[in-house]
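There are 2 protein chains.
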Amino acid sequence: MLTFEQKLRNYSEIALNIGLGLKPGQRLLISCPVEAAPLARMVTEAAYRLETRLVEVLWEDDAVLLSRFQHSRHNNFDEVPHWHSRIHLEHAQRGDPILSIRASNPQLLQGQDPEKVRACNLAFSQSRARYLQEVYNNTFAWSILGVPTQGWAAAVFPDVSASQQQDRLWDAIFAATRADQENALQLWQDHIQNLQQQANLLNARKYTALHFKSPQTDLTIGLPEGHSWETAQHRTTRGALFFANIPSEEVFTLPHREQVDGRVSSTRPLVHQGQLIRNFTVQFKAGKAVHVQAEEGEAALKHLLSTDEGSAFLGEVALVSASSPIQQSGIFFYSTLFDENAASHLAFGQAYPGSLQGGLDMDRATFAAHGGNNSLIHVDFMVGSSDMDVDGILPDGTHEPVMHHGEFVLQNKA
Amino acid sequence: MLTFEQKLRNYSEIALNIGLGLKPGQRLLISCPVEAAPLARMVTEAAYRLETRLVEVLWEDDAVLLSRFQHSRHNNFDEVPHWHSRIHLEHAQRGDPILSIRASNPQLLQGQDPEKVRACNLAFSQSRARYLQEVYNNTFAWSILGVPTQGWAAAVFPDVSASQQQDRLWDAIFAATRADQENALQLWQDHIQNLQQQANLLNARKYTALHFKSPQTDLTIGLPEGHSWETAQHRTTRGALFFANIPSEEVFTLPHREQVDGRVSSTRPLVHQGQLIRNFTVQFKAGKAVHVQAEEGEAALKHLLSTDEGSAFLGEVALVSASSPIQQSGIFFYSTLFDENAASHLAFGQAYPGSLQGGLDMDRATFAAHGGNNSLIHVDFMVGSSDMDVDGILPDGTHEPVMHHGEFVLQNKA
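So the protein lines, in turn, are chains U and A.
First residue of the first sequence? That's 29 in this note's numbering, and the numbers climb one at a time after it.
First residue of the second sequence? That's 29 in this note's numbering, and the numbers climb one at a time after it.
So here's chain U without its partners, still in its complex pose (with noise of 0.2 Å):
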């Protein structure tokens, strides 16, 4: 059993070896909440012993962001600052690595004006656009990290007492990253070869098309040619491996941006920027989400889903067993970093690049073409379950189970 701060150790050297694949030499740029410091710090040092050129931190601060929304007189909220995009473009066009310490409180703009809110989001998702793209194309190498605060530990454990929440999600943190194991590096290997496998064997079958079948759901998710099966490990432009989330459970693809038809339901919650959306069902057709309806948050989904031409449309497909260790944990965490770890799921907006061959050497216009989405968006919604079947359709028109009740059964067939 190892002690809070050994496992707080392993954390920040999963993020720095397995996430970021930390050379020496590279100039660090880490952004983190300001309630983390502790973390933070701990990560610096531990990159200045890994031969790290030098460490800079980007402080964040949510208290500071809600106060605006709380107590401005002004409806400037189209008006944000562009330092925090540009120095992480900078930093990103250079090559050198980024790793993002996150937290995610669900309940920091509820309540608030949703005009307010979409017109922030909008702005703050235009200023990283020009970043995002660095980040799609792969420039350099990039992971995010969870980190616990008092208002999200709070939503995910609203019946614990105030002062164990925060370590409770410390514990839910570090099992569902494999930090509280002695040899934690050692099982990151082999997860991340287990994933590829699972990607390799999809990558061989040349799917033209997923069919989604539960209860709820009936999509058929059609797959351009040439679209290619990852895992959260992407290799930069300039050739080193890095991967992207800490934890990941899925291996994933891109869909065809016009192919998508049919009905799909959320299994789980989305929390988009301070905002909760759930139980809601989305109807495509020919790609693009014609019909939204929501439980709770449906407004502020609408809103995501007009953000601009191409985030009603997806991005992204992933696969994730209905029995991985974060859906067996039972948690929900309100944070997509671990919840789309849970269930299989899909994405609105911007398709990976790297998800089609020869896609990050693509200019938009002709990764549209060949059936990629662009968007100033990429937000993640859940759509696996237990009773959740995904048959994968070949070229010549047969079906095969991929999926069965929420499990992978697809085999070798060699």
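Take these hints with a grain of salt, some might be off.
No copy labels: a pair is met if it fits in one copy or bridges any two.
Okay, derived cross-link-like pairs now, SDA-like style, lysine to any residue, Cα gap no bigger than 20 Å in a straight line [to be verified]:
no.: 1; residue 1: 144; residue 2: 53
no.: 2; residue 1: 234; residue 2: 172
no.: 3; residue 1: 51; residue 2: 365
no.: 4; residue 1: 144; residue 2: 82
no.: 5; residue 1: 51; residue 2: 104
no.: 6; residue 1: 51; residue 2: 78
no.: 7; residue 1: 316; residue 2: 293
no.: 8; residue 1: 51; residue 2: 107
no.: 9; residue 1: 144; residue 2: 77
no.: 10; residue 1: 241; residue 2: 420
no.: 11; residue 1: 51; residue 2: 100
no.: 12; residue 1: 313; residue 2: 392
no.: 13; residue 1: 51; residue 2: 261
I should point out that these hints are in silico values taken from the structure, not numbers from a laboratory.
The structure displayed is predicted, hence computed values, not measured ones.
Chain U is already provided as a structure; the job is to place chain A on it using the hints.
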């Protein structure tokens, strides 16, 4: 007796109303240590209530800086991130106000390699040079506010139990800044008026030089033609009043850069970027510090004075009554922001162009030709004491007492 919360609110209001003279519709930048998040959040809320258009907080962390000195295996301490200075510069050039919330941990870099400290300080000064031009030119309103951190409080109150140190430093800061008084804003208005009267008296005399005399000091400081005695209250080039330091008890002007001769001894330690310099004596000849000697930190002082051509010349002479509240408190703050208000002081480096009539419209060469000093640095050091006399030298060569035994004795001659 005000509660802590009330004093903190007073402190925020002094910063925004007196310090920055904040106007509705402005965009406020705050720099702040992560440890002081509660104060930055309170100032943020207060600023939005005063109809600020947008509040941005640029967080800093001493621990991240220290980690580099402790753990980096590279010798690249002349490489520093430029974005911190650039954000300040862009903000200043737009004419928007900047509040610097500062903690000062005098022990931060003690024991670190002085060559690395020097390289890092120089690189940081160079990256700030363009921003400091905007500061010296009064392009925008700025003010500086102190905030206790554990490291700083421990240095100031080493004999107090650790759990009490920060509270004690808060008490000392609230007292020094009048934030512990009900009518704090009115007291500040009165205080500024008193300082202004002192400056007016000095300006009416048009001294050609000052003579500082005590058992340890015998120094003549020439004053250039057109010099102007000022308080910390300045007017931006757009015409708005601001008060640069909270607290401030001084009136100051610029010396003639080539007319400083004699010997001066420090009466308080000087803390410069985490290094302590104590009990030092400086010999001046034709303006330049030609010999320095220190009981502690002599190497750091010599490094400082060799920063650039102007760093060994004086840029400020300031008069502070030896009975000032901060001197009376008996507390050594290990922070120039406070300690310079306990005693008359001088500064190595850049002179304020606003201290010379027409100086704000001069380029650097013209300013120098009029006796103004240019440098990357501006570092105050305290020389006043209750056994010091200061004479003013009139254009006809006669001397008259300005301070006697550390107290102002100059009266209105009208």
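- Item | Hints violated by the structure (listed by number, smallest first) | 2, 3, 12
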